[in-house]
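Participant: Residues per chain, in single letters:
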Amino acid sequence: MNYNPITALVLFFGISLLLFFVFRPKKGVFFFFKNLYRQKDKTIIEDILKFLYHNQESNNSITTNALTNALHFSNTLIIESLNKMIDRDLIFLEKDSYKLTPKGSEYALQIIRAHRLWEKYLSEKTGLKKTEWHERAEQKEHELNTSEINKLSSLLGNPIYDPHGDPIPTSKGKIALKKGIPLSSLKENTMGRIIHIEDEPKIIYKQILAENIHLYSTIKVIENNTTRIVFHAEGEQFILAPIVAGNITVSVLHKEEIHEENIARLSSLQLHKKAIIVGLSKECRGENRRRLLDLGFVKGAKIEIDLLNPLGDPKAYLIKGTAIALRKDQAAKILIKKCDDGK
Amino acid sequence: MNTKNIENIIALAEDLRWQIGDDFHDNLAESIYTDAAKIVEDSVTKDNQKSKFRLDAKIDKIVTSRIWGFPIMLLILSVVLWLTIVGANYPSSMLSALLLDTVHPFLKNLGTNIGFPWWLNGFLFDGVYLAVAWVIAVMLPPMAIFFPLFTLLEDFGYLPRVAFNMDSLFKKSGAHGKQALTMSMGFGCNAAGVVATRIIDSPRERLIAIITNNFSLCNGRWPTQILLATLFIGAVVPQSLSSFASLTAVIGIAVLGIFFMFFFSWGLSKTLLKGEISTFNLELPPYRPPVFWKTIYTSLIDRTLIVLWRAIVFAAPAGAVIWLISNISIGNESIAAWSIHALDGFGFLLGLNGVILVAYIVAIPANEIVIPTILMLTVMVTGIHAGAGDGVLFELNSVTATADILKAGGWTLLTAVNVMLFSLLHNPCSTTIYTIYKETNSLKWTLVATILPIITGFIVTFLIAQIWRILV
Numbered sequence: 001m002n003y004n005p006i007t008a009l010v011l012f013f014g015i016s017l018l019l020f021f022v023f024r025p026k027k028g029v030f031f032f033f034k035n036l037y038r039q040k041d042k043t044i045i046e047d048i049l050k051f052l053y054h055n056q057e058s059n060n061s062i063t064t065n066a067l068t069n070a071l072h073f074s075n076t077l078i079i080e081s082l083n084k085m086i087d088r089d090l091i092f093l094e095k096d097s098y099k100l101t102p103k104g105s106e107y108a109l110q111i112i113r114a115h116r117l118w119e120k121y122l123s124e125k126t127g128l129k130k131t132e133w134h135e136r137a138e139q140k141e142h143e144l145n146t147s148e149i150n151k152l153s154s155l156l157g158n159p160i161y162d163p164h165g166d167p168i169p170t171s172k173g174k175i176a177l178k179k180g181i182p183l184s185s186l187k188e189n190t191m192g193r194i195i196h197i198e199d200e201p202k203i204i205y206k207q208i209l210a211e212n213i214h215l216y217s218t219i220k221v222i223e224n225n226t227t228r229i230v231f232h233a234e235g236e237q238f239i240l241a242p243i244v245a246g247n248i249t250v251s252v253l254h255k256e257e258i259h260e261e262n263i264a265r266l267s268s269l270q271l272h273k274k275a276i277i278v279g280l281s282k283e284c285r286g287e288n289r290r291r292l293l294d295l296g297f298v299k300g301a302k303i304e305i306d307l308l309n310p311l312g313d314p315k316a317y318l319i320k321g322t323a324i325a326l327r328k329d330q331a332a333k334i335l336i337k338k339c340d341d342g343k
Numbered sequence: 001m002n003t004k005n006i007e008n009i010i011a012l013a014e015d016l017r018w019q020i021g022d023d024f025h026d027n028l029a030e031s032i033y034t035d036a037a038k039i040v041e042d043s044v045t046k047d048n049q050k051s052k053f054r055l056d057a058k059i060d061k062i063v064t065s066r067i068w069g070f071p072i073m074l075l076i077l078s079v080v081l082w083l084t085i086v087g088a089n090y091p092s093s094m095l096s097a098l099l100l101d102t103v104h105p106f107l108k109n110l111g112t113n114i115g116f117p118w119w120l121n122g123f124l125f126d127g128v129y130l131a132v133a134w135v136i137a138v139m140l141p142p143m144a145i146f147f148p149l150f151t152l153l154e155d156f157g158y159l160p161r162v163a164f165n166m167d168s169l170f171k172k173s174g175a176h177g178k179q180a181l182t183m184s185m186g187f188g189c190n191a192a193g194v195v196a197t198r199i200i201d202s203p204r205e206r207l208i209a210i211i212t213n214n215f216s217l218c219n220g221r222w223p224t225q226i227l228l229a230t231l232f233i234g235a236v237v238p239q240s241l242s243s244f245a246s247l248t249a250v251i252g253i254a255v256l257g258i259f260f261m262f263f264f265s266w267g268l269s270k271t272l273l274k275g276e277i278s279t280f281n282l283e284l285p286p287y288r289p290p291v292f293w294k295t296i297y298t299s300l301i302d303r304t305l306i307v308l309w310r311a312i313v314f315a316a317p318a319g320a321v322i323w324l325i326s327n328i329s330i331g332n333e334s335i336a337a338w339s340i341h342a343l344d345g346f347g348f349l350l351g352l353n354g355v356i357l358v359a360y361i362v363a364i365p366a367n368e369i370v371i372p373t374i375l376m377l378t379v380m381v382t383g384i385h386a387g388a389g390d391g392v393l394f395e396l397n398s399v400t401a402t403a404d405i406l407k408a409g410g411w412t413l414l415t416a417v418n419v420m421l422f423s424l425l426h427n428p429c430s431t432t433i434y435t436i437y438k439e440t441n442s443l444k445w446t447l448v449a450t451i452l453p454i455i456t457g458f459i460v461t462f463l464i465a466q467i468w469r470i471l472v
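In the order they appear, the protein sequences are chains X and Y. Mapping the first sequence onto this note's numbering, position 156 (from 1) lands on 156, and the numbers just tick up by one. Mapping the second sequence onto this note's numbering, position 338 (from 1) lands on 338, and the numbers just tick up by one.
Everything hinted at is true.
For lysine to aspartate or glutamate, the following EDC-like pairs were computed, each having C-alpha atoms within a straight-line distance of at most 20 angstroms:
hint, chain 1, residue 1, chain 2, residue 2
1, Y, 274, X, 287
2, X, 140, X, 124
3, Y, 58, X, 306
4, X, 187, X, 223
5, X, 320, Y, 56
6, X, 206, X, 283
7, Y, 58, X, 304
8, Y, 270, X, 135
9, X, 337, Y, 30
10, Y, 270, X, 329
11, X, 125, Y, 201
12, X, 282, Y, 23
13, Y, 171, X, 287
14, Y, 38, X, 294
15, Y, 270, X, 124
16, Y, 274, X, 283
17, Y, 407, Y, 344
18, X, 320, Y, 35
19, X, 174, Y, 14
20, X, 299, Y, 42
21, Y, 274, X, 329
22, X, 320, Y, 283
23, Y, 274, X, 138
24, Y, 270, X, 132
25, Y, 438, Y, 201
26, X, 179, Y, 23
27, X, 174, Y, 15
28, X, 282, X, 132
29, X, 50, X, 135
30, X, 130, X, 329
31, X, 299, Y, 26
Stretches of chain X that chain Y covers, calculated by requiring three or more beta carbons in the stretch to come under 8 angstroms of a beta carbon on chain Y:
hint, segment
32, 6-20
33, 157-167
34, 276-289
35, 292-298
36, 302-316
It should be emphasised that the hints constitute simulated quantities derived from the structure, not laboratory data. Using N, Cα and C, we set each Cβ at its ideal position, and we do this for glycine too.
Just chain Y, with the same shape it has in the complex:
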């Protein structure tokens, strides 16, 4: 074929395209669907499922009603969170008794008996092993309770109704109703919450959900909040009100997180993300009884173990780093002490201190080890007699003894309030950061998701500290 022929054909094609018009693709798609619908109508017979359908409609009427819709949602969320936080206490203490109080001394003894030098013994068992064991003991039980419960609700078909009810609230901030679900999932674990955003099929809303998921207070941070609220906030009110006051403070922090989530969703959809494609649709599948054991099995394998494995992978080097910076000295002070002193000024400006900032830097892999790291570092720099030595994480069973250590480290009510705020508003843990990168495949959005909360944290704690110092 010569070039002239080809040119003629192209010209003809362009001319024909011009005649057919813009609607061509749509009409084609439409006619395919119409044909398909006709074929289905002619060839597929449906079971008469009317009675089942009526039950579905009845449940739907109740869970999406004006009066019952929202109370039912709140009740279910509270029950799930309560079961997780309270229920996880028992297996957690059993695990820590086993891994921390039994296996750890055993390993150290073993090391000594084999003839490991003290530094290898410390590095391996006090550093790497202890951090990993700690993460497993604190992280595994709540996740093993939370995820199956959540998956059961999901399988039953209730969660899409929650998204349906909540959508117009989320729409106001430019987000998708399903973000209500990924946010709740974030209360369990932010990394899992980020993975859960796959249910949002609109690119802009999905990015919003990913970036703001860190504002959900995760399982690793609930214990920190509860501990500090009990120690410091419960202590400033009369005894009879103390548990009420600390509970209110913890819930207040979680609600503040939800507020920031909405605020940043709104801000992101108006600025950084306004060019991303935004669509909406939400399928409300029929209810079905969940397959109980299968659900539990898959949620344990798919969610819990994957997240736990990632956390362990990151916790092991963190444990090594924590041990090393506490035991390697430059001049007459350890690296940890040097960095604590270097960050003390900045920390003070934020109403925190150097120990807290260093703890948040080295404990990036898991929020669970922040408090033990703070305690260990505080003991190290103040020189008071507690704990098991430099670089060895510990926690105390006695609440008053913990408070004594922190107060010796210079903690005031302001410090406690700001640590609670900073625990909510700081970069996601490394597991979550890695998951965000995996899900978005973009360095840019990973950076935004990492930096946005920590800048917010700096600003909020800074403002609180200044106002506090002016007023008090």
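Bound conformation, chain X alone:
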């Protein structure tokens, strides 16, 4: 057969390149057109409501300028939507800044409810990575209607907090209060409990995730100055830059509230040492959590290392007379109290 293999190769790579540009994740032409057909109006209005709600909570007044700077839509679209919202009695102008009407803040709370419930859903019922939850919820919150949201909530057992520690508003607009301070302002030698880890901006969130800091862990600040914050939690030491620590909220613990001491992660257990399980970290979620409970990783169970791995991971642990292998990231989410050698 007469043909030129080089032409065939060039053609092949040409087609592959074309397919790549069409279906490339997020930036591809395919996704561009898919996004074009989304309901834009609704999305903008809801995003503005959310933005106003969050800022109203922290007492910032929001002008048109602030809105156009913060949201990724064209200015004309935003101004059009603002006018529509005033017509629909969702917001009103006070001097230069926009305020939510009661109807508006009720609407905003439902969007926030949808967002946080969806994050909770992703954390419990899927295997998606933490870094993907927020972005997916940002889209999904505009697609769910009230009855779907309520169904989702009861499916998840009407949770109160989302996986970042944020309270989820109820269908009636009730929301749990959270009092906390940024980790960066916690004084040296005081103790606290991490109650919230902010997922925006993504760069800082990724840094926090990389450190393996767990929500609801009890911490003790060792050092706090302008360059770094050093603290202990679950038997490990963490060092953060103040700007990163500012995205972690802690509630200050007083002496009488502290009943957990010398807690460590199972991943730090040494060979031939025994320990007692104190519980599973809140970071251990969904199917993983249930599976570990089923296998007997519950409060009070005695545990020790049974076998080390030739490649280092996973290790086999002896629990209730059975050898169970767990990977390091799982073992890090099981909290133990190490036994003294005498016992």
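Could you slot chain Y onto chain X? The hints should help.
Facilitator: For chain Y alone, coordinates are given in the frame of chain X:
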């Protein structure tokens, strides 16, 4: 009760739920387990099994040690594969002597004597019977050796240790350590490998194991690889090195399959399957001496016969199709010839030919009948004198005679290399596809598992063919 009361109760329930907090379910579960543990402690007395436990620990120390862990695994896998491939030769040749060389002519004679018309005789005995007999003769012995050996290792308790040792390699590609076992099972039979993925209880990792199982070179494909490597690759090196070169080529293909398995596991866990739930746990049960005869019996019944039965169910219509397309003519050519000519161009582009593609299409039920189909079709289109007629599968005992037929069909070293690659990288056999559907209950994943390897096969053979033609 009036509606107002109900509303009040619901409101109260919601309020209470709010007060109890999120930890409620966990605390409940925890306290149940704690109570259970206490009851066990008080009421169950344990035998003093310390000495037995110590032996277990000793074995564990050796099979999971840094120095011995991996060599022991490789040794056992090689021995099992060697026993299967070499050991299956004798019963296979006996079975084919019986089913193909004795029973087949007998049935045909019987047909003629009863007065069957030639087409019914051909359709039933050359088509349906021959394909089924072929599949049984080639498939049964290796499976009857491989599965019991595998089950014995499983029962002894060694296999979970393999998963334990291998896990961190598989974790890197987003898979479960137990995939090492289902992959090895795939070396015996992909359908059985897919069934074996039931041991993986995490949904995402199980799907990965199912979809990538086809990259394990199964028993039906080992003989193809060995034949082609001996015929073509062994022939290009000096005589003294030829068996070494062909052995290396076959192992190279199997290793390439493992590479693709890892690559696609990684790719799937990052893209299509990233939303599926992923968990991990691996129990290392105590060792126990296997119950030898019971194990052999159950593995023969549970694994071998079920897989064989499915293969037969699919092979019978395939035999019919092969015979029909070779004997029904449209115009002055048979359907087979028409489709071969139609696919010749595409085949050439992939460094293959129309005969090979048609053979892979009609031989979907079993990889075992691919080579006989290729030989039969080649003889048919080239018109050389061999075989037993159109639509009658055959294989030759003489290696050189087989090579002569293939060379007459236009085969070169490139064709042989690409057929070896295509044999590794093509859709699973219909038995496996059906099993995947049964196991996943999803058309979507069945399609992915079917299409992914064949697209890979097209791309790889295409690239090899072009580069080969540019360089050689």
